[in-house]
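Participant: Assemble chain B onto chain A, guided by the hints.
Protein chains: 2
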Amino acid sequence: METIKATILHNFLLAPIIFALIISQVSSLSSPARPPPENAPVFARWLVKQGFWGVLNTLDSARSPFGNVMSYSDGGTGTPYFYLSTLDPTPHYANVNPRSSFTLSEFELNSCRGKDPQSPLCAKITFSGRLKMLAPNSREGILAQGALLKKHPQFTGFPLQNGTFSVFKLDIRSIFLVNLAAPPRLLTVQEYYLAKP
Amino acid sequence: METIKATILHNFLLAPIIFALIISQVSSLSSPARPPPENAPVFARWLVKQGFWGVLNTLDSARSPFGNVMSYSDGGTGTPYFYLSTLDPTPHYANVNPRSSFTLSEFELNSCRGKDPQSPLCAKITFSGRLKMLAPNSREGILAQGALLKKHPQFTGFPLQNGTFSVFKLDIRSIFLVNLAAPPRLLTVQEYYLAKP
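If you read the protein sequences in the order shown, they are chains A and B.
Each step along the first sequence adds one to the number in UniProt numbering, with nothing skipped, and position 31 is 31.
Each step along the second sequence adds one to the number in UniProt numbering, with nothing skipped, and position 138 is 138.
Chain A extracted, bound-state conformation (with noise of 0.2 Å):
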């Protein structure tokens, strides 16, 4: 009985030990190996497909820079891809003119802990393009709409009743990386597309 008490006891004495151990081990899933900044298109790769959401900015109808929160999903393949709602103005302004910019922080992702945002050790990325509407038979609107479901389950209870959603891609012809000093990293489009998240 002494026996059966001591172990109930110690089991107990290790419950907060253990909880905090599985609460560390989830946080680290959420962003797994961040590799290092010096290799700037692995980086890249890591942080866009790690990411969960950012700022989509377009021109407005003043020709005014409009950034709009949004998910995204890039399936791995390092394409911003889009589940955009007609309710929202950010694809009427991409259908008047497609120049685009998306935007987001590693600070989403808990790797940039004790560090502020805008700090040059916590990463942000920034990819200047074209936005542009996917046909939603076409190969890349079929892989994209999988992508954003796969990452955004809660996509498929939106509720629409006035307006509809549609896939779009961020046709990137340029990056800008801060991971570790400014001013920015060079790297190129191609580069980014050649390494491997």
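No wet-lab data here; the hints were simulated from the structure.
Watch out, some of these pointers could steer you wrong.
Since copy identity is lost for identical chains, a pair holds within one copy or between any two.
[Claimed, not checked] Cross-link-like lysine-lysine pairs, in silico, DSBU-like; alpha carbons within 30 Å at most:
#	residue 1	residue 2
1	K115	K151
2	K115	K132
3	K196	K132
4	K196	K151
5	K49	K150
6	K115	K49
7	K49	K132
8	K132	K150
9	K196	K49
10	K132	K151
11	K150	K196
Facilitator: This is chain B only, laid out in the frame that chain A set:
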């Protein structure tokens, strides 16, 4: 002896529950008292006061939209203030053309529990306006610098070998807020500034 053991056992039975309660309390402290989303001005002021970082968008040299991750503070005033380095392109772009927008997501506050960042139930806000440098010795410049250093103490330690930092404000001309359902809420700049966060 048996009673002491039972008490210890009882305490350790409660330990994981107490630990979980502490965690939930700490989490709720990070985003206190989310206002009702129906009250758009108060909600917007709350979101901006609690927020920590966002994406600041300007027009690049080709007049395309360029978003850049930036920390900010409003010092409780409603106006987003920034501490921008000359090593970053954003202040240079703003000097040529001050048209800017600043976007942030409630997702960073950890108060969108279970909601996708693109869900209309997880709030997002975009301020459109003009990005202006503040004179360092002006009343607003001193207030803004104090608010920025208070919220982002790491700013004091940012090394700068070939650049300088200046304080900027976003002079707000219009507000885009989604915090309950698409399409966005109507919210005037006057209503926003009259509200108490």
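Participant: At most 30 Å between CA atoms: does that hold for K196 and K49 within a copy, between copies, both, or neither?
Facilitator: within (10 Å within a copy, 40 Å between copies)
Participant: I want to check one pair: K132 and K151. Are their C-alpha atoms no more than 30 Å apart within a copy, between two copies, both, or neither?
Facilitator: within (20 Å within a copy, 38 Å between copies)
Participant: Checking an output row: K49 and K132, CA cutoff 30 Å. Within, between, both or neither?
Facilitator: within (20 Å within a copy, 35 Å between copies)
Participant: Which holds for K196 with K132 at a C-alpha limit of 30 Å: within a copy, between copies, both or neither?
Facilitator: Classified as within; 25 Å inside a copy, 41 Å across copies.
Participant: Using 30 Å as the alpha-carbon threshold, which applies to K115 and K151: within, between, both, or neither?
Facilitator: both (27 Å within a copy, 13 Å between copies)
Participant: Go through the copies and call it for K115 and K132: within, between, both or neither, with a Cα cutoff of 30 Å.
Facilitator: between (35 Å within a copy, 27 Å between copies)
Participant: Have a look at K132 and K150 and pick one of within, between, both or neither, based on CA distance no larger than 30 Å.
Facilitator: within (21 Å within a copy, 42 Å between copies)
Participant: Please work out whether the CA atoms of K196 and K151 approach to 30 Å or closer within one copy, between two copies, in both situations, or in neither?
Facilitator: Within. Shortest intra-copy distance 19 Å satisfies the 30 Å Cα cut-off; inter-copy 37 Å does not.
Participant: First find the shortest C-alpha distance between K49 and K150 inside one copy, then the shortest across copies, and answer within, between, both or neither for a cut-off of 30 Å.
Facilitator: within (13 Å within a copy, 33 Å between copies)
Participant: When no copy is specified for K115 and K49, does a C-alpha distance of 30 Å or less occur within a copy, between copies, both, or neither?
Facilitator: Classified as both; 21 Å inside a copy, 20 Å across copies.
Participant: If the cutoff is 30 Å on CA atoms, where do K150 and K196 land: within, between, both or neither? Let me know, please.
Facilitator: Classified as within: same-chain Cα gap 21 Å, cross-chain 40 Å, threshold 30 Å.
Consistency with the previously given hints is maintained throughout, with no hint failing.
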